[in-house]
Amino acid sequence: MDLIISDLSHHIRLNKGFFLWMGFLVLAFLACLFAYTRQLKYGLGVAGIRDYISWGLYISNFVFFVASSLIGMLISAVLGLIGMKWVQPITRIAETIAVAFAAVAGLVIVMDMGRPERLAYVFLYARFQSPILWDVTVITTYFVISLMLLMLPMIPDMAVLYKRYGSLPSWLKPVYKVLSLNWTDHPEQNRIIHRSIYILLILIIPAALSIHTVTSWLFALTVRPGWDSTIFGPYFVSGAFVAGSAAVIIAMFFFRKNYRLKDYLTDLHFNNMGKVLVLVAFVYLYFNINEYLVPGYKLKRADAIHLRELMSGHFAVMFWLVQVGGLLIPIVLMLFRKMRKPLPLTLISVVVLIAAWFKRYLIVVPTMAHPFLPIQHVPDNFKIYTPTLTEIAITLLSFILVLIIITLISKFFPVIPVVETAKEKGLDPLKSNES
Amino acid sequence: MKKLFYILLPVIITTLRVEAQNPSWVVPDDQKGKICLVRFTSDMAKQGEVIYLKNCQSCHGLPTKKNFASIQPSPGDLSENKVGTQKDGELFYRITTGKAPMPEFRNILTEDERWSVISFLRSFHKGYVQPDPEKMAASIGKRIKLSMTYDTVKRRILVKAVELTSDGPVPAKGAEIVVFVKRYFGNMQLTDPKPTSENGYAGFEWPQDLPGDKSGNVIVGARVNDPTGNMQEAIVSDTLAIGVPTNKPALTDTRAMWSTRDKAPVWMILIYTLAVIVVWYFIIYILLSVVDMRKIKQV
Chain V
1 MDLIISDLSH HIRLNKGFFL WMGFLVLAFL ACLFAYTRQL KYGLGVAGIR
51 DYISWGLYIS NFVFFVASSL IGMLISAVLG LIGMKWVQPI TRIAETIAVA
101 FAAVAGLVIV MDMGRPERLA YVFLYARFQS PILWDVTVIT TYFVISLMLL
151 MLPMIPDMAV LYKRYGSLPS WLKPVYKVLS LNWTDHPEQN RIIHRSIYIL
201 LILIIPAALS IHTVTSWLFA LTVRPGWDST IFGPYFVSGA FVAGSAAVII
251 AMFFFRKNYR LKDYLTDLHF NNMGKVLVLV AFVYLYFNIN EYLVPGYKLK
301 RADAIHLREL MSGHFAVMFW LVQVGGLLIP IVLMLFRKMR KPLPLTLISV
351 VVLIAAWFKR YLIVVPTMAH PFLPIQHVPD NFKIYTPTLT EIAITLLSFI
401 LVLIIITLIS KFFPVIPVVE TAKEKGLDPL KSNES
Chain D
1 MKKLFYILLP VIITTLRVEA QNPSWVVPDD QKGKICLVRF TSDMAKQGEV
51 IYLKNCQSCH GLPTKKNFAS IQPSPGDLSE NKVGTQKDGE LFYRITTGKA
101 PMPEFRNILT EDERWSVISF LRSFHKGYVQ PDPEKMAASI GKRIKLSMTY
151 DTVKRRILVK AVELTSDGPV PAKGAEIVVF VKRYFGNMQL TDPKPTSENG
201 YAGFEWPQDL PGDKSGNVIV GARVNDPTGN MQEAIVSDTL AIGVPTNKPA
251 LTDTRAMWST RDKAPVWMIL IYTLAVIVVW YFIIYILLSV VDMRKIKQV
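From first to last, the protein sequence lines are chains V and D.
The numbering used here applies: residue 1 is where the first sequence begins, and numbers increase by one.
The numbering used here applies: residue 1 is where the second sequence begins, and numbers increase by one.
Hints were generated in silico from the structure; no laboratory data involved.
Quick caveat, the model's predicted, so the values are computed rather than measured.
Some hints here could point you the wrong way.
Said to hold, decoys possible - Mimicking DSS-like on lysine-lysine, the simulated pairs with C-alpha atoms at most 27 Å apart in a straight line are: (1) D:Lys-66 <-> D:Lys-54; (2) D:Lys-297 <-> V:Lys-177; (3) V:Lys-163 <-> D:Lys-32; (4) D:Lys-160 <-> D:Lys-126; (5) V:Lys-173 <-> D:Lys-46; (6) D:Lys-297 <-> V:Lys-423; (7) V:Lys-85 <-> V:Lys-300; (8) D:Lys-154 <-> D:Lys-126; (9) V:Lys-262 <-> V:Lys-41; (10) D:Lys-248 <-> V:Lys-423; (11) V:Lys-173 <-> D:Lys-194; (12) V:Lys-383 <-> V:Lys-85; (13) V:Lys-177 <-> V:Lys-300; (14) V:Lys-262 <-> V:Lys-341; (15) D:Lys-154 <-> D:Lys-32; (16) V:Lys-163 <-> V:Lys-341; (17) V:Lys-16 <-> V:Lys-262; (18) D:Lys-46 <-> D:Lys-99; (19) D:Lys-54 <-> V:Lys-383; (20) D:Lys-173 <-> D:Lys-214; (21) D:Lys-182 <-> V:Lys-163; (22) D:Lys-66 <-> V:Lys-177; (23) V:Lys-383 <-> D:Lys-65; (24) V:Lys-257 <-> V:Lys-383; (25) D:Lys-173 <-> V:Lys-383; (26) D:Lys-32 <-> D:Lys-99.
Stated by the list, open to error - A few chain V residues that face chain D, going by a derived Cβ cut-off under 10 Å, partial list only: (27) Thr-137; (28) Trp-183; (29) Leu-203; (30) Leu-401; (31) Leu-403; (32) Thr-407.
Glycine residues also receive a C-beta, built at the ideal position from the N, C-alpha and C atoms.
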């Protein structure tokens, strides 16, 4: 038992590597924060977005973040509830990613606001008819549920570590004591926590489906070419699972290596996650074919312009790299068992994740560049969108924030559930029996 | 030689295109002399600017800014010399009659409004001197006074035109009368213009299916429409309860998706509120029960 505890918790300490990594993140964060202060001072004009293409990097990034956060629901709820035992060590990683991305997704929207001090107006003057209000509501709800799904299963872990792990940093002890809520493994406590987690796991499925469906409705409830689609909800949700699965695989790889968790995050887990990724990528490919073939067959005038821009026009290089390099080739590669080993799978996931980001860009920007009425009498930078350095720095800011949150959570709490792992092996974590 | 031709080709094409702008928009001579009967003032130009922004700017852009729409034939910037050298009467005629794609403003703007647009444009034309209205007053057309009644038996609008001469009013014969109904944007002309009879009357059949407001009110107007310039403009208008009473609430009056929050559809408020309450009920319930867990001590 002690071995499990120390294996899963030895990384909870302030070491040199942590300070270096956090120092780097904080410095980068400050540098990018400077870019944001510039935007606060001079307004959104410092970004490349203009009247016609008013949704650029920020909104693409927002969609990507919401997408990535969806994975918490897939791993813990869907796979967990249907009894997939192997997901157990990954659930916390998935929830950590969900919490970090969902938390920052809200901030990304604030970054896209010219007058963020008027944020309260979004609520004060909210209209029930507006998908914006639905979006704010479901993202807040999803964030809270994800946070609870991260913290509740951690309560027994923290009690065990507080009582039995001698190397727990002394400054973390009070935190663990408070958060463990007097956990004594009492049957009543077990009953409450299991019931709570069970309710949350059910609750998170509609919540997660809502957040990305509503995010897709921000686009699909317009009549613009490329957005005017009835399958945008499932299209976004399946795309979200692709991005999220890739993010989880990358995180698994890093934790396995840096926190020395080889015995707990085994090849089996990578193999299975690879299969999950292939499955969701196939579903996403199916939706992609629908999304482009159906308007491409009818070729209504506005759709024709849009599709030509994507497939052979201004966005063609990015489009084909994303579709072929970021979706088709990874699917084919991952069909082979060898490619689902940790290292190749992680490399594939990195490509898939980057492509997933650019895919959001391809969904948001080209449609904005082609409104129904011709763009006339405007400077050239209104017609073609080029992100500015400031804008890119502010986008990086959100990524750095996600990394900071993931680092903090994974550094100060066990990445893999301790008590569950112990119970799996028939051990009683609070009693000192040797394994 | 061939080279020179290719160099000159674009120049020739551009020139031809510029020429093609209004090759045959000829203003009749008798219209060129028409002038405004009041002096252009800055107030008038300001009124004209408001009208200009509403009716002209979408194609012609803002004067001097050269931001007119890029369509063929080119609308052009109206502050340019090409426009500035034209007589008031020419501008007035062009605004009044239009020439596709330029719309005619005959029934959209009143004469006064058309003149104030011209007065606004003139403020950009350097060297423009307005013809003296007083001196010109002698040469202008007859003064006409109109009156309008509704004949409930024959169901028609009866317009009477009277010429105000120095000897007193006499019936105006042959004055071309246009009857129109006011709508949201501009006026709707009822029928073709009709000349007045010997005793100064012109009758217009009133369509029985024309919608009015809640109580059937419509704003009907009559105007002397005299392209020859022999007669001054005269207008009469009146609110008559002769339309079909129509009670169409405005699109934003009822609860609808596009209305304000206070007019959101009831089902939408219900579903949203219900969903939020149900989900947050469970979240708060779980939070409370988990916090309660602290009280349970090991037996």
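Violated hints - listed by number, lowest first: 3, 4, 5, 7, 8, 9, 10, 11, 12, 13, 15, 16, 20, 21, 22, 24, 25, 30, 31, 32
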